[in-house]
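Enquirer: First to last, the sequence lines map onto chains A and B.
Residue 1377 in the working numbering sits at position 105 of the first sequence, and the numbers go up by one each step.
Residue 1364 in the working numbering sits at position 92 of the second sequence, and the numbers go up by one each step.
Treat each hint with caution, since some may be false.
A pair counts as met if it fits within one copy or between any two copies, since identical chains are not told apart.
The calculated DMTMM-like cross-link candidates involving lysine to aspartate or glutamate, where the alpha carbons are at most 20 Å apart (straight line), are [said to hold, decoys possible]:
(1) K1403 / D1433
(2) K1403 / E1282
(3) K1421 / D1456
(4) K1403 / E1430
In short, the hints are calculated from the structure, not lab data.
There are 2 protein chains.
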Amino acid sequence: MPERARYDVETMNAILDEAFVCRLATILDGTPIVVPTMFARIGDVIYVHGSTGSRMLQALSEGAPACVEVTLLDGLVLARSAMHHSMNYRSVIAYGTLEEVHGPEKMRAMEALIERIEPGRWMRVRRPNRKELAATKILSLVLTEASAKVRTGMPIEEPSDLELPVWAGVIPLVIARGAPVADDRGIEALAR
Amino acid sequence: MPERARYDVETMNAILDEAFVCRLATILDGTPIVVPTMFARIGDVIYVHGSTGSRMLQALSEGAPACVEVTLLDGLVLARSAMHHSMNYRSVIAYGTLEEVHGPEKMRAMEALIERIEPGRWMRVRRPNRKELAATKILSLVLTEASAKVRTGMPIEEPSDLELPVWAGVIPLVIARGAPVADDRGIEALAR
Chain A
1273 MPERARYDVE TMNAILDEAF VCRLATILDG TPIVVPTMFA RIGDVIYVHG STGSRMLQAL
1333 SEGAPACVEV TLLDGLVLAR SAMHHSMNYR SVIAYGTLEE VHGPEKMRAM EALIERIEPG
1393 RWMRVRRPNR KELAATKILS LVLTEASAKV RTGMPIEEPS DLELPVWAGV IPLVIARGAP
1453 VADDRGIEAL AR
Chain B
1273 MPERARYDVE TMNAILDEAF VCRLATILDG TPIVVPTMFA RIGDVIYVHG STGSRMLQAL
1333 SEGAPACVEV TLLDGLVLAR SAMHHSMNYR SVIAYGTLEE VHGPEKMRAM EALIERIEPG
1393 RWMRVRRPNR KELAATKILS LVLTEASAKV RTGMPIEEPS DLELPVWAGV IPLVIARGAP
1453 VADDRGIEAL AR
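Extracted from the complex, chain A is given alone in its bound form (with noise of 0.2 Å):
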C-alpha cells in the first residue's frame, strides 16, 4: 500500500526532526485556528514557543485542547487519471493538552528550538536574558497520543489506464537552502 498509518518512535521523530515548522490547533471561542509555528524536540516531548501576550498560547496553557501536525512534502504524484493524482509526503498528528515549562527545562527548550534552525548555534548566540525570557512563553506537548502517515512510492492506477499514452511517476520535491544573505549591518567580513 503506497499511503499507510505508523506507529513506531523512530519513524515520528525522523519526521519531527526534519521539519522546520509544526501547526498548532486549538479552539479559541468556539472557532478552530490554526497557526504555524517553530518548534523542537527533545526525546518523547515537543516544544512551541510564542509571544506571553499570545491569547492562543495563553488559551493551550489553560488546557484548550491541542492538535499538533507536521508534514513534509516529498513528491508531487502524477497518475494517468486525474482521480489517482496524488502527494508523496511524511506527517505526524499528535493530540493532547499543552503545559507551560519554566526553569531549566525552559532553558533547554529555547537551546533545542534554536539548534533545531542551525545546529551549533546556541553556542555562539547571545543567551536569553531575564527580561527576554519573561517575555515568551515556551509550552510542551508529550507525545502519547501520536501516530504518522507515509505516502510513497507511484501512483496507484486502474489496470485499465496503464495502456494510456500519459506520462506518470513522482517529481520529488525538497526544500533547499539557497546562498547565505549576511546582514551588513554588524561587524564586516564576519565568515559564516
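Once you have looked at the hints, place chain B on chain A.
Expert: Quick look at chain B alone, frame taken from chain A:
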C-alpha cells in the same frame, strides 16, 4: 516592520497559488483536528477534496467551523541573540464554513486541483468517470474572512547586539523539484 498582516487580495492569492498543500482544521468530538490536504483556488473560492468516507469532510460539509491555513517558508532568520531567531514566511489564514459542491462546479474544481499539480495536466489525463466522481467529495470555502501575514528581511536585533562577533542573516529556503521519476509500468519511453 519585518512582520505584518496584509489584507490585499493580490498578496493572498499569490500565496495561495504558490502552495501545494493547505492545512484544514475543524472540531471533531470537541477536539481540534488539523490535516494537510491538496487545494486549489478559483477566484475567491478555495476547494479541498477527499474521500466521501472521511468523517472530517462529512462534519465540514454539515457546517462544522473551519480554519484553513497556507504557509510558504521562505527562510531561516539567524540573529545575534537567541531570542530574535525567526523564520521568513508568507501565510494565509481563512475562516468560515465549507460547502459541498456538485455538477459543473465540482468538475471545474477537480480540474483546478489537477492543474495545480502540473499546469496543462488536465488536458492529458483520463477525466474522472461517474463512479470516481461519486467517491470524491469536494468542498468549497469562500474567502470572506481571510488575512495574510508576511515576514521578510533581516533579524530584529537589540542595538547592543550588533557588535557581537556572531554571523547573522537569512538562509533562504525554497521548494525545489528533483528529476522526475517515471512509472515504468506503462508505455515505455514516454517523454515528459
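Enquirer: Which holds for K1403 with E1282 at a C-alpha limit of 20 Å: within a copy, between copies, both or neither?
Expert: Neither: 37 Å inside a chain and 39 Å across chains, both beyond 20 Å.
Enquirer: Since the copies are identical, ignore which copy is meant and state whether K1403 and E1430 lie within 20 Å (CA to CA) inside a copy, between copies, both or neither.
Expert: Classified as between: cross-chain Cα gap 13 Å, same-chain 61 Å, threshold 20 Å.
Enquirer: Is it within a copy, between copies, both, or neither that the alpha carbon of K1421 lies no farther than 20 Å from that of D1456?
Expert: Answer is neither; intra-copy 43 Å and inter-copy 25 Å both fail.
Enquirer: Classify it for me, K1403 with D1433: is the Cα-Cα distance of at most 20 Å met within a copy, between copies, both or neither?
Expert: between (63 Å within a copy, 15 Å between copies)
The earlier numbered hints that this structure contradicts are 2, 3.
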